[in-house]
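Novice: With chain A fixed as given, assemble chain B onto it according to the hints.
The listed protein sequences derive, respectively, from chains A and B. For the first sequence, position 150 (counting from the first letter as 1) is numbered 149 according to numbering that gives the first Met the number 0, and the numbering increases by one without interruption. For the second sequence, position 103 (counting from the first letter as 1) is numbered 102 according to numbering that gives the first Met the number 0, and the numbering increases by one without interruption.
Mixed in with the good hints there might be a few duds.
Note: identical chains are not told apart, hence a pair may lie in one copy or across any two.
As the list claims (entries may be wrong) - Heads up, simulated SDA-like pairs for lysine to any residue below, C-alpha to C-alpha not over 20 angstroms straight-line:
| hint | residue 1 | residue 2 |
| --- | --- | --- |
| 1 | LYS94 | SER46 |
| 2 | LYS79 | ILE170 |
| 3 | LYS19 | ARG70 |
| 4 | LYS169 | GLN100 |
| 5 | LYS61 | ARG213 |
| 6 | LYS61 | THR203 |
| 7 | LYS61 | ARG25 |
| 8 | LYS19 | THR188 |
| 9 | LYS197 | GLU123 |
| 10 | LYS94 | THR24 |
| 11 | LYS61 | THR205 |
| 12 | LYS197 | ALA16 |
| 13 | LYS79 | ARG163 |
| 14 | LYS79 | ASN47 |
| 15 | LYS79 | THR50 |
Honestly, the hints are just simulated from the structure, not real lab data. This structure is a prediction, so every number in the text was calculated from the model and none was measured.
Number of protein chains: 2
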Amino acid sequence: MTLHLECADELLSTTRAVRKRLDLTRPVPRDVILDCIRLSQQAPTGSNQQTWRWLVVTDAAKRRALADLYRATAADYFPKVRDRARERGETQTAKVYDSAQYLADHLHEAPVHVIPCLLGRPPEGPAVRVGGFFASIYPAVWSFNLALRARGLGTALTTLHLFREAEAAKILGIPDDVTQAALLPVAYTIGDTFNPAKRPPPETITFFDTWDSR
Amino acid sequence: MTLHLECADELLSTTRAVRKRLDLTRPVPRDVILDCIRLSQQAPTGSNQQTWRWLVVTDAAKRRALADLYRATAADYFPKVRDRARERGETQTAKVYDSAQYLADHLHEAPVHVIPCLLGRPPEGPAVRVGGFFASIYPAVWSFNLALRARGLGTALTTLHLFREAEAAKILGIPDDVTQAALLPVAYTIGDTFNPAKRPPPETITFFDTWDSR
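Isolated chain A (complex conformation) (with noise of 0.2 angstroms):
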């Protein structure tokens, strides 16, 4: 067995949302792009019914138009939620924001553009039968970015331009009755050194047998 624990705690811990380190310049082979997805297909689903598609974009003329969508979702939605982080003190979040906007200010330079879907659409109802819908499609785009990392690649996932779901929807051709999950703008990394995030211990988020007790 190859798998060894330590190889497992750094594939999990510095898969990072590569923003700004994404290399716009180097083209990314169809077929690499095809091994990840066919990681991703390791991945559970809700009652294995595996009704997860993938788009994978490279026209240009494309990727500029989502890009374009999805600058204009990020003109009315960054700056009130970095404000709020920076009123809050929230410095990493702020940062984060930071970083949102040089990806959104590029997103139609990156080589390739991913888009993750579900035949079907969300289930009328209650909300929480909508998260058992797509709790068939997040794994798999997880896994498909933990699997472009041990590759030299990275992307962040980002779902801002499901606000504007039906007008990407016309760019690329996609059903009234197949749900799109996110956009992953995709590119080779600069460098492989990646660090795990700050993040406070385990147990403060964690109750054992009843909510609140730890």
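Specialist: Okay, now just chain B, sitting in the frame of chain A:
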């Protein structure tokens, strides 16, 4: 760097939903769970909000109560979906349901039930925004699962108890403004050799630039 491609790929392709090979007799130390939660905290969250919380249930009466809820939903759901899968000749899925039934029957015996939660409730409005909400927990849930695997433990990502989320909340004292995302029965696995699942080639689920274009 201890991050090797072979090891990453093995982790991603052999972390299976473990239902029959959970060791129901071996206790799971609290520190192992906390260590896996620590790794899950490196997964991304929307706006870096880190609103995840983890509820770790070892109390036998509570595990039994959760398992009873789970089985009540499963009794409605499993036979229907299994029969449909058999009719359609989806033998892999039909087999998954037999295994899921086994897990349901033994759920109270799993030494730990882990319930990942998000502070807040899913937003009202277009269902796709609900997806953005849950994108802040399922990557972490999957990282937790991958971290378990690297330590000789396993689980299955289940969402069935969410159909009775309010009843589960009552058992565990979870407030109304918190959202449960899954129920993970955690245990050491019986043996540590797992094979990748059989999947269709990635080319069959991937489109380029336009939907349906290969």
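Novice: When the hints from earlier in the document are held up against this structure, which numbers fail?
Specialist: 2, 4, 6, 9, 10
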